[in-house]
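These protein sequence lines map, in sequence, to chains A and B. Residues 1 to 625 in the UniProt record's numbering are what the first sequence spells out, letter by letter. Residues 1 to 317 in the UniProt record's numbering are what the second sequence spells out, letter by letter.
Just so you know, these hints were derived from the structure itself, not from any lab. The structure displayed is predicted, hence computed values, not measured ones. Glycine is no exception: its CB is placed at the ideal position from the N, C-alpha and C atoms. Hints are supplied without guarantee of correctness; some may be wrong.
[What the hints assert, rightly or not] Listed next, the in silico DSBU-like pairs over lysine-lysine satisfying Cα-Cα at most 30 angstroms (straight line):
#, chain 1, residue 1, chain 2, residue 2
1, A, Lys604, B, Lys5
2, A, Lys166, A, Lys358
3, B, Lys5, A, Lys277
4, B, Lys139, A, Lys235
5, A, Lys326, A, Lys372
[Unchecked claim] Here are some chain B residues the structure puts well away from chain A; computed CB gaps all over 12 angstroms:
#, residue
6, Asn20
7, His40
8, Phe156
[What the hints assert, rightly or not] Reference listing, derived: stretches of chain A covered by chain B, where coverage requires no fewer than 3 residues with Cβ under 8 angstroms from a Cβ of chain B:
#, segment
9, 339-351
10, 430-436
11, 509-519
12, 556-563
13, 566-575
14, 606-616
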Amino acid sequence: MNRYPAWKYALIVVVLLIAALYTLPNFFGEAPAVQVSSSKSTVKVDTTTLARVEQALKEANISADGITLEAGSIKARFGDVDTQGKAKDAIQKALTPDAADPAYVVALNLLSRSPAWLTSLNANPMYLGLDLRGGVHFMLQVDMQAALTKRAESLAGDIRLSLREKNIRHGGIARNGQAIEIRFRDSATLTSAKNLIQDQIPDLQMVEAPDGTEYKLTATIKPEAARRIQDQALKQNMVTLHNRINELGVAEPVIQQQGIDRIVVQLPGVQDTAKAKDILGRTATLEMRLVEDSAEARAAESGSGPVPFGSERFFERNGQAVIVKKQVILTGENLTDAQPGFDSQNQQPKVDLTVDAKGGRIMRDTSRENLKKRMAILLFEKGKGEVLTAPVIQGELGNRFQISGSMSVNEASDLALLLRAGSLAAPMDIIEERTIGPTLGAENITKGFHSVSWGFAVIVVFMATYYMLFGLFSGIALAVNLLLLVAVLSMLQATLTLPGMAAMALALGMAIDSNVLINERIREELRNGASPQAAIHAGYERAWATILDSNISTLIAGLALLAFGSGPVRGFAVVHCIGILTSMFSAVFFSRGLVNLWYGRQKKLKTVSIGTVWRPPSEGGLAKS
Amino acid sequence: MEFFKIRRDIPFMRHALVFNIVSFVTFALAVFFLFSRGLHLSVEFTGGTLMEVNYTQAADVGKIRDTVARLGLNDVQVQNFGTSRDVMIRLPAQKGVSTAQQSDTVMAALKAASPDVTLRRTEFVGPQVGEELAQDGLKALAMVVFGIMVYLAFRFEWKYAVAAIIANLHDVIIILGFFAFFQWEFSLAVLAAVLAVLGYSVNESVVIFDRIRENFRRYRKMNTEEIINNAITSTISRTIITHGSTQIMVLSMLLFGGPTLFYFALALTIGILFGIYSSVFVAAAIAMWLGIKREDLIKGPAKKDEDPNDPNAGATV
């Protein structure tokens, strides 16, 4: 009666193996490492960089425990801190010959020591929260109203331009908050203007109203367009933040969207909040300037002459020098959008740029006067300029134009990203800030670990003395529960925080409930005179519904915490919920497997080792009527 | 080993009235303290700056208080945290001054007074974030209460749902009462603990209710009071052992978890202690007074023979 079919045991074994595999990386600890990432948005870390790093290490006679390239950064692990330091120097020397203008960030880091075959299975250790590893945490609020106002302002300019192009006379265009108000003398012009705007700017919705003797058209951004603008603003701000944080050389920054208008930035290991804030708030700027193409400039480009007066020399990504006029045509302020795409005529990759009305006017004038000349787009980061691209002006440009030519699809999307990410789309405020010292983090880990292990030990000892063999089974099931919990958390790459460790301890305390329910029930069946096999069977079967009921009610609480909690509460809730689920598996399914394995084969089972089964001396047991 | 050698059903319900009066008084006191003293909300809720500093020797809290007070900051709290060398300083949110500047000036002043001070942790929360957290907390509480009630009403009957939720809110209010009376700091972690208690405490009620339902089916001659007494008596060993093991874990957190987990573990400790009591006396008694009957749970014509192996016969423990 108490036998599991072979497939159930197979299932248990498979689950345990997988769990062990994914728990394993957490035991290897961390090794000192050197991380190479790009410090400029124009420099990419790829396989050639990897080769350079390997070469540099070989030359310096340093052997790394493992070098990996992932997510745009190279990580090399070393045996000890000494080698790590030497390796850092060697790599730095090879990759950044010019210390004043480093193209790469070479940072010290700690990486999991887990072997490569585990990493290749995607088995990584849990990510430790800031409260366990130390660092700074910022929550930034993006000023969406400002983003929308900025957009309305640029749309107002666009309207002005369109109306002038079509010779529609208006009595003034004004921006009132996020609404654009346009006055007209008569309703006929109003209607034609309205049709024109509807045609050209589909993002606007319009309401017309008589206003004294005049007619007023109020245009506002459609809600769905507003949502899109907000979304873009947030994404752009995140990309910009990413670029800036790279400059800090932080090993594993976390930049996450939270809600519709917030960004969480976590910088592990960084203690200097002032510097971090300075860099987060710094702006990169984008400039468009004409390329100087006089003979002197040509000479200066090839390095055989001085840079002509009124010009500057900048470099392209590939090292090609470009002589650019000092006069700035447009800045990133005027650029409203940049999207990669394909040219409809020759199917070549292109980047579509949109500038605001003022920018459009300047572009038109400049392009008309400088046909067939080159225009450089420069990105200034950390006060240093670089030419992103310098295309030839092919025709008269308006407020929408495109850059096309010899570029790959990847290059086009990179360029669009760079153009968009040049500056923040909307201002941001720091609304929450936390700094946790590294020693405090280490202390927190030890404390969390101690609470779990002491509690666990006492419970197992108690269960084994009180329920004997069954208690031991419960203890093993509890250990399996811990294993599963850690494995699932590692698989999900959840961030472990101190409240998360507390939830782990609590989950173990509560998980034993299921086993107590089962064991008590088995005792009760035995007390009422059931045969051992029947008692075991009934114990597990009858307790199941109760276990399910009580766990679901706990799960409801956990899910509510997950839905409405933030920060530490969420960390708690994730572990809490997963702990409930794994406990159902381990306490009911797994522990029964153990019991079945031990007792199930014995046909004539006389006694069960479940501690004292006390029977009242008078017959009948508990009062029954 | 067997701790529970119970010969006869313990007449819990005979004393239900007394216990419920005690309960009600405790509850009323908790509510009174909540209103009169209020919760000592952490920086996370109120907004403001929290600094944790560490000295190499025992810190002179009075001196630190003076140093900070000299900066012209109002309503500053300075207290020891964990050990005598760790000090926690709370600064309220100030208009116009960024809290980073605030913590920088405080740190500079402390450094000037005693150079051996190191900053271990700072936390700053804008007032608007705090407000949202408080709202989210209340929403979470409402969700938990609602979710559990719906689930219990669906699994059992509305009377059980009402009884269980009153019993569990009773636990929650009493925890809050403790925090209000002793002015312990009520942080986000404590809120998480309170909500976890709510879910946990329902377990107890569910186990007893499950047994009540089973008894209604099995012992046709017993009256409701006897059925409840029997249900509680036969599950009391499990209730106490389960609570005991959870309590062991929580105590381990209280002892080894350090100051960061202290109030969290404390809230759980109170919740678990009152959880045993409330599910036995409050939940069951209220369910009794709401008039639970055999007929409510057993729908349709009653079966003549009970099949002990019938999977639909209800849970038994």
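>> Check the structure against each numbered hint from earlier and tell me which ones fail, lowest number first.
In response: Of the numbered hints, 3, 8, 9 do not hold.
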